[in-house]
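Based on the hints, put chain A in the right spot on chain Z.
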Amino acid sequence: MTDRTMLKERFVKWVLITFALSSLLFLFLIFVFILAEGLPLFLKVGLKKIIFGFKWAPTKGYFGIFPMIVSSFLVTFGALVIGAPLGLSCAIYLSEYSGKKTKMFLKPALELLAGIPSVVYGFLGVIYIVPLVRNYLGGSGFSLISTSLILGVMILPTIISISFDAITTVPKTYREASAAMGATKWQTIYKVILPSAKSGILASFILGMGRAIGETMAVIMIAGNALKIPTSILDPLRTLTGNIALELAYATGDHRLGLFSTGIVLMVIIMALNYLANFGIKRKPAK
Amino acid sequence: MKDHAGARLIKDMIFKCAVCLFAFISLLPLYLILYYITKNGIMVINWDFLFSLPRPIGESGGGVFNAIIGTVMLIILSCIMSIPCGIAAGIYLSENKKGKLSNTIRLCVIVLQGTPSIVIGIIAYLWVVAPLKTFSALSGGIALSIMMLPVIIKTTEETLKLIPYHLKEASLALGVPYHRTILKVILPSGISGILTGILLSVARITGETAPLLFTAFGNQFMNMNILKPIDSLPYRIFYYAMSPYPEWHSFAWGASFILVVLTLALNLFARGISVKWKIQF
Numbered sequence: 000m001t002d003r004t005m006l007k008e009r010f011v012k013w014v015l016i017t018f019a020l021s022s023l024l025f026l027f028l029i030f031v032f033i034l035a036e037g038l039p040l041f042l043k044v045g046l047k048k049i050i051f052g053f054k055w056a057p058t059k060g061y062f063g064i065f066p067m068i069v070s071s072f073l074v075t076f077g078a079l080v081i082g083a084p085l086g087l088s089c090a091i092y093l094s095e096y097s098g099k100k101t102k103m104f105l106k107p108a109l110e111l112l113a114g115i116p117s118v119v120y121g122f123l124g125v126i127y128i129v130p131l132v133r134n135y136l137g138g139s140g141f142s143l144i145s146t147s148l149i150l151g152v153m154i155l156p157t158i159i160s161i162s163f164d165a166i167t168t169v170p171k172t173y174r175e176a177s178a179a180m181g182a183t184k185w186q187t188i189y190k191v192i193l194p195s196a197k198s199g200i201l202a203s204f205i206l207g208m209g210r211a212i213g214e215t216m217a218v219i220m221i222a223g224n225a226l227k228i229p230t231s232i233l234d235p236l237r238t239l240t241g242n243i244a245l246e247l248a249y250a251t252g253d254h255r256l257g258l259f260s261t262g263i264v265l266m267v268i269i270m271a272l273n274y275l276a277n278f279g280i281k282r283k284p285a286k
Numbered sequence: 000m001k002d003h004a005g006a007r008l009i010k011d012m013i014f015k016c017a018v019c020l021f022a023f024i025s026l027l028p029l030y031l032i033l034y035y036i037t038k039n040g041i042m043v044i045n046w047d048f049l050f051s052l053p054r055p056i057g058e059s060g061g062g063v064f065n066a067i068i069g070t071v072m073l074i075i076l077s078c079i080m081s082i083p084c085g086i087a088a089g090i091y092l093s094e095n096k097k098g099k100l101s102n103t104i105r106l107c108v109i110v111l112q113g114t115p116s117i118v119i120g121i122i123a124y125l126w127v128v129a130p131l132k133t134f135s136a137l138s139g140g141i142a143l144s145i146m147m148l149p150v151i152i153k154t155t156e157e158t159l160k161l162i163p164y165h166l167k168e169a170s171l172a173l174g175v176p177y178h179r180t181i182l183k184v185i186l187p188s189g190i191s192g193i194l195t196g197i198l199l200s201v202a203r204i205t206g207e208t209a210p211l212l213f214t215a216f217g218n219q220f221m222n223m224n225i226l227k228p229i230d231s232l233p234y235r236i237f238y239y240a241m242s243p244y245p246e247w248h249s250f251a252w253g254a255s256f257i258l259v260v261l262t263l264a265l266n267l268f269a270r271g272i273s274v275k276w277k278i279q280f
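Which chain is which? The protein sequence lines are Z and A, in order. Letter 51 of the first sequence, counting from 1, is numbered 50 in numbering that gives the first Met the number 0, and no numbers are missing. Letter 32 of the second sequence, counting from 1, is numbered 31 in numbering that gives the first Met the number 0, and no numbers are missing.
These aren't lab readings, by the way, just hints derived from the structure by calculation. The structure presented is a predicted model; accordingly, all values stated were derived computationally and were not measured. Heads up, the beta-carbon is just placed ideally off N, CA and C, and yes, glycines get one too. It is possible that some hints are incorrect.
[What the hints assert, rightly or not] Quick list of in silico lysine to any residue cross-link-like pairs, SDA-like style, CA-CA up to 20 Å:
1) Z/Lys102 x A/Gly271
2) A/Lys99 x Z/Ile16
3) Z/Lys7 x A/Leu182
4) Z/Lys106 x A/Lys10
5) A/Lys10 x Z/Ser177
6) A/Lys160 x Z/Ile268
7) A/Lys15 x Z/Arg174
8) Z/Lys99 x A/Cys16
9) Z/Lys12 x A/Ser93
10) Z/Lys99 x A/Leu26
11) A/Lys10 x Z/Ala182
12) Z/Lys48 x Z/Ala182
[Unchecked claim] Calculated from the model, a selection of chain Z residues having no Cβ within reach of chain A, i.e. all distances over 10 Å:
13) Lys12
14) Gly45
15) Ala56
16) Pro116
17) Val119
18) Phe122
19) Ser139
20) Glu175
21) Lys184
Same shape as in the complex, but just chain Z (with noise of 0.2 Å):
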């Protein structure tokens, strides 16, 4: 080999290190920055005043987040209540019930209603959803349970992708097995199946909440965005990326800083989330 050639191997060798440190790179001053901006603050003020204070009114010196964190779990938690039942029957029916067309037609179905945007999610919940809730259950309709409901189909497609997965990985010999035990379809689901499939289901779900808990767009249209913690169903509510979203177009000094330090509370939660869900994904079912 001649010189050249070989400087030119060491050559792409480098530049394929570089862009691949890239990503490394950017999470890396992603936390860096996002620590160095928020963090002062949170010294300033103190840790507890900013996640356990009640009162947001960064102009005047109050960064409390407690009742946008509450909010957000509340959110979260409903969504997961309307998502995860229909969620997993949907990839028990797809898995187990579905026959050959069927599946091939539902499962792009599905994976397109993951690749409708969030706002446009915001915009039906804001035209449909609320005028329902305003006037069969009351109150102003931008309220907790028209925001559980729409994450809850938002987080749809998370949950039955990643369970279908856990599934349809459970062997085929736990379902003879069991069938050749005289149990009907329903005792293998429930007794066999489903437990063998526990940790990607579980993970499945706890991935759904990363997304709701992440979810901006819709939220802040349907929510309502009033800053105190709901105390019913219908009472509008601040999440945290709702709060980030709605503010820092315009925030400036403290008040900016308040948003970043809201930033790293959420970016946290979410990998605290995260972190869990790969715990149970990693883990494989017994062979």
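Only chain A this time, still in chain Z's reference frame:
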């Protein structure tokens, strides 16, 4: 004994019906969304809507031309930044399957994928908007390109992993230098998978709004300068949807229709490619 079996079978039936019902219910939103958007959106679409600028409040008519151009510009900007990075990183990962660095990068890709878009928006805000002291198309593009990156890296890596090792060995045995092997053998055989990844990532960012609220910001007027605020379709939908005017709501339907058709087309196209041009050896 017989009663017992009967009860079991009835339970089985009930369960089956419940599962089918729930599965049906979870598919319902997709049809409803597509139905409502098509019903309300398609009437709004006309020449004027597609190719004219928004008019001020009180004047009727107008369109979303600037938003369409803005979305296209944002997509191009983010593609320019993320595609080379993403593909190169994917090649690196597939070439170096083991090793500490590869595993760390893989972990980063997963974390980056799970990072909510709004946090990525904050970063673009910190990096570009704050120093330049103005909202800009560039900052929006950077935010979106960070969102594209993990999808492209992941699909590139997965595709290239499937390419048989002997292809590479044959090329190297012929004395082809390593970089030419990558360019002429490995990349071409994995091109369909890579293309799928790019399309999927574009589909992911086309409808993304949250980070744009405080990076690209939105703009009533036509703008081609990447250092100035720029409009985008999802932002326009948000803006019109939150307004109290019925006419603007109908514009939001029209814009939603365009956006949904665009993202669904990208998704379908990506799937079509991955199915049709199955990598052949």
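Hint by hint, here is what the structure shows:
no. : hint                : result
1   : Z/Lys102 x A/Gly271 : holds (17 Å)
2   : A/Lys99 x Z/Ile16   : holds (13 Å)
3   : Z/Lys7 x A/Leu182   : holds (13 Å)
4   : Z/Lys106 x A/Lys10  : violated (27 Å)
5   : A/Lys10 x Z/Ser177  : holds (17 Å)
6   : A/Lys160 x Z/Ile268 : violated (33 Å)
7   : A/Lys15 x Z/Arg174  : holds (16 Å)
8   : Z/Lys99 x A/Cys16   : holds (19 Å)
9   : Z/Lys12 x A/Ser93   : holds (13 Å)
10  : Z/Lys99 x A/Leu26   : holds (17 Å)
11  : A/Lys10 x Z/Ala182  : holds (12 Å)
12  : Z/Lys48 x Z/Ala182  : violated (57 Å)
13  : Lys12               : violated (8 Å)
14  : Gly45               : holds (22 Å)
15  : Ala56               : holds (20 Å)
16  : Pro116              : violated (2 Å)
17  : Val119              : violated (5 Å)
18  : Phe122              : violated (4 Å)
19  : Ser139              : holds (14 Å)
20  : Glu175              : holds (17 Å)
21  : Lys184              : violated (6 Å)
Checked against the numbered hints given earlier, the structure breaks hints 4, 6, 12, 13, 16, 17, 18 and 21 and satisfies all the rest.
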